[in-house]
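J.: Listed below are the residues making up each chain.
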Amino acid sequence: MLHLKDISLWYKIPLRVAALVIVTAGVLASVLVYRSISDLHDNLTANATRVGRLVADTLVEPILHDDVWRAFEVVNLPFRSMPNQASDQSAEYVLVLDTHNLVYVSNKPDRFPMMRAPEISEPSIATYLNTPAQPWPDEMAVVDAPASNALFLLTPIKSDGVRIGTLVMNYSKTPFSIRLRSLTRDAILITLLVLAALLPLGVYWGRRMASPLLQLSDAMKRIGPHLPAPEEIRLEESKDEIGLLAKSFKAMLGELKEKEQLQQQIITSDRLAALGRLASGVAHEINNPLGGMLNAISTFKRHGEQDPITLKTLSILERGLLQIKETVAALLVEARAQTRPFDLNDVADICTLVQPDTDKKQVNFTREIDIVEAQPISSTLVRQVIINLLLNAFHATQPHGHVHLHIYCDREHLFVDVINDGSHIPQDKVSYLFEPFTTLSEGGSGLGLWVIYQIVQQLGGLITVQSEPDRTQFTVQLPLEKPHE
Amino acid sequence: MVSCLRRWLWLLLLLAPLAQAAEKTPSPAAVRIGLTPVFLDDQAAFVSAWRIYLEARLHRPVTFVQRGSYRETVDMLREGKLDFAWVCGYPYVRNRDVFRLLAVPLYKGEPLYQSYIIVPAGDKQTRSISDLRGKVFAFSDPDSNSGHLYPEYLLAKRDETAAGFFSKTFYTWSHRKVVEAVASGLAQGGAVDGYVWDTLVFSHPELTNKTRVIAESPQFGHPPFVASRSVSPQLFDDMQKALVNMVHDPEGSPMLAILNLDGFVYGDPHLFDGIAEMFQFIEARRNAASQRH
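Protein sequence lines correspond, in order, to chains Y and U.
First residue of the first sequence? That's 0 in numbering that gives the first Met the number 0, and the numbers climb one at a time after it.
First residue of the second sequence? That's 0 in numbering that gives the first Met the number 0, and the numbers climb one at a time after it.
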């Protein structure tokens, strides 16, 4: 079963806004109708009271003089409504009762003939006005007679404090209910119009209010084992609470992302460090017996019998051992002792050295050298790093491709960017890129980037790679040596 | 409805001092003529036009004085506060010694009129005044012949009095209002000037349609113009001529048309003998009744 609280905000907020609008409009309309009706009622009563008092005073003399005609004119004149014009506030009928409560005169003589008890013509009057429970009031009184749908206004006619008659004015409530109906109809109509105008607006506002929340909840749902890229998360920017929440959420996502990357880097560098240690350990362990073996071969060649088969065998052994030595030496990258600083001559040398490779592949090799004077850093190692990077780039780029070298520095670092437009490195391979024997192409030794990484590590620098289709950039950041005190 | 009554009261308040002023300080030469509801005296525009007409013929200012009852007008005439008055034949015969007959209107070619006994149009049963026993009856004015004396006489001939015969009677102080009282149902019967009722048939058919004439009296002398004894013969003649000549006057005849009259004639005091007889008959019965007691 669907609970109200389970409904999406997308519907819930507009629904609530709509409900609020409807309730407000309904309450307003009802209050207005109630006020109008009660005003009408008050007006009628006030008006009737005024007229009653005036008429009762005017009637004193005609009654004292038994002047029926004048009494008739008095009660007839003010209550004669215009023909064919229903008035809300004119009395239905007016009776002047004598002291015996017989009709002295009325404005409807057909209905209430003179000298007859009014209840003969209108039995309801007796029920409401002439029962012992409700004796004729001594002061003016308004009697509501719900069953006969009428209001009675009773005014004593007094001369010198003595009651000489009673003025009874009957007001029908029918115009009242007609008015109530028309008021209610108008109120409903206006309410519906207001609703027609406000509801779409309310729903629109509700949607506007709900949409950032929905975006946020959508974005949160997407956080799983893999964090979404910041540009994939679309959140509205604003300075209200939801906007702040979205901002915090974005910041949190950014931090998570950073942490994830950092973790990845730590894992990678830890692995590379372990590999380095292993490689150097293995290299040392191999180098010792290897040195002995090569010495033994050399000694045997010099002092032993010169049997051609033996010599051939020995030279095969020697070449194999030398290859092992080279490989081990390549694995065991060691920063040499300090050499001269890196300067523009080194750059020129590098360009000369890579010239055959550029020519072979017809690569468009551009350079942007932003250093002028010699930088305090080992030129041998920097040259090795740059040459290796360039050779990799030439190798990766297509014939007639483009490779760009950018060397620049700030106060503390030397930067080398090598950019090529060759095939891009898949994301899953980037983590293993600097491990030994990782080749991206046919024919590579798989040690070039390993050597670069080892050198950069030993120099205390950083190497990063950013690869996207048609653009792969390696950036090396190397700390400059502090000038000696 | 309050405003209506209030306006009415204000009008009375405003008019009261004006009326008093007119009464107290009339122009010395002004002719004062009393009017009573023997005709439709509630037509202010007509009354004003008639006044201007008479001023032109008499070469003197004319003031019309209207009062609530015949008696007030008659008293003012007796006291010399009025020069002339258009009154009913009944007060004329009772004051023949002090009033002089000036002119009598011609109605349907004769200086005569009738009294009508009317009932509401809805009442189909009533055929004569005898059927109105125990009902509410409206008289016009105690001093009216058609609106009071004649029905009293009818009852007296049946050995009845109005007080005993009807359950209730009241005066409306005007013939037109008798018609209204009967039309509205306030009274179940009424006595009205036949000339006024006939005239109302033209001007206010919606009123007369609600009433039905059940009895017509014999012909009596039409309510006449009478003059106070104190009026100079010159003025008496001028006024008499002004009235009698109306029918020949291009301005006067349309006014007669409004009055629904054919003109004024000099008139014979004996025209009113019928009224005098009824009055004497009732007086005699009253005296006999008081002697019995």
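Read the hints as simulated data drawn from the structure, not as lab findings.
For glycine and all other residues, C-beta sits at the position ideal for the given N, C-alpha and C.
Keep in mind that a hint or two might mislead.
Once the Cα atoms are required to be at most 30 Å apart in a straight line, the calculated DSSO-like pairs of lysine-lysine come out as [unchecked claim]:
hint, chain 1, residue 1, chain 2, residue 2
1, Y, Lys157, U, Lys167
2, U, Lys209, Y, Lys157
3, Y, Lys238, Y, Lys11
4, Y, Lys4, Y, Lys238
5, Y, Lys220, Y, Lys249
6, Y, Lys428, Y, Lys249
Only some residues are given here: those of chain Y computed to face chain U with a beta carbon under 7 Å [to be verified]:
hint, residue
7, Asp5
8, Trp9
9, Val67
10, Trp68
11, Met113
12, Ala116
J.: Please go over all the hints and tell whether each is borne out by the structure.
T.: Going through the hints against the structure:
| no. | hint | verdict |
| --- | --- | --- |
| 1 | Lys157(Y) / Lys167(U) | holds, 23 Å |
| 2 | Lys209(U) / Lys157(Y) | violated, 35 Å |
| 3 | Lys238(Y) / Lys11(Y) | holds, 24 Å |
| 4 | Lys4(Y) / Lys238(Y) | holds, 28 Å |
| 5 | Lys220(Y) / Lys249(Y) | holds, 14 Å |
| 6 | Lys428(Y) / Lys249(Y) | holds, 28 Å |
| 7 | Asp5 | violated, 65 Å |
| 8 | Trp9 | violated, 61 Å |
| 9 | Val67 | holds, 4 Å |
| 10 | Trp68 | holds, 4 Å |
| 11 | Met113 | holds, 5 Å |
| 12 | Ala116 | violated, 14 Å |
The earlier numbered hints that this structure contradicts are 2, 7, 8, 12.
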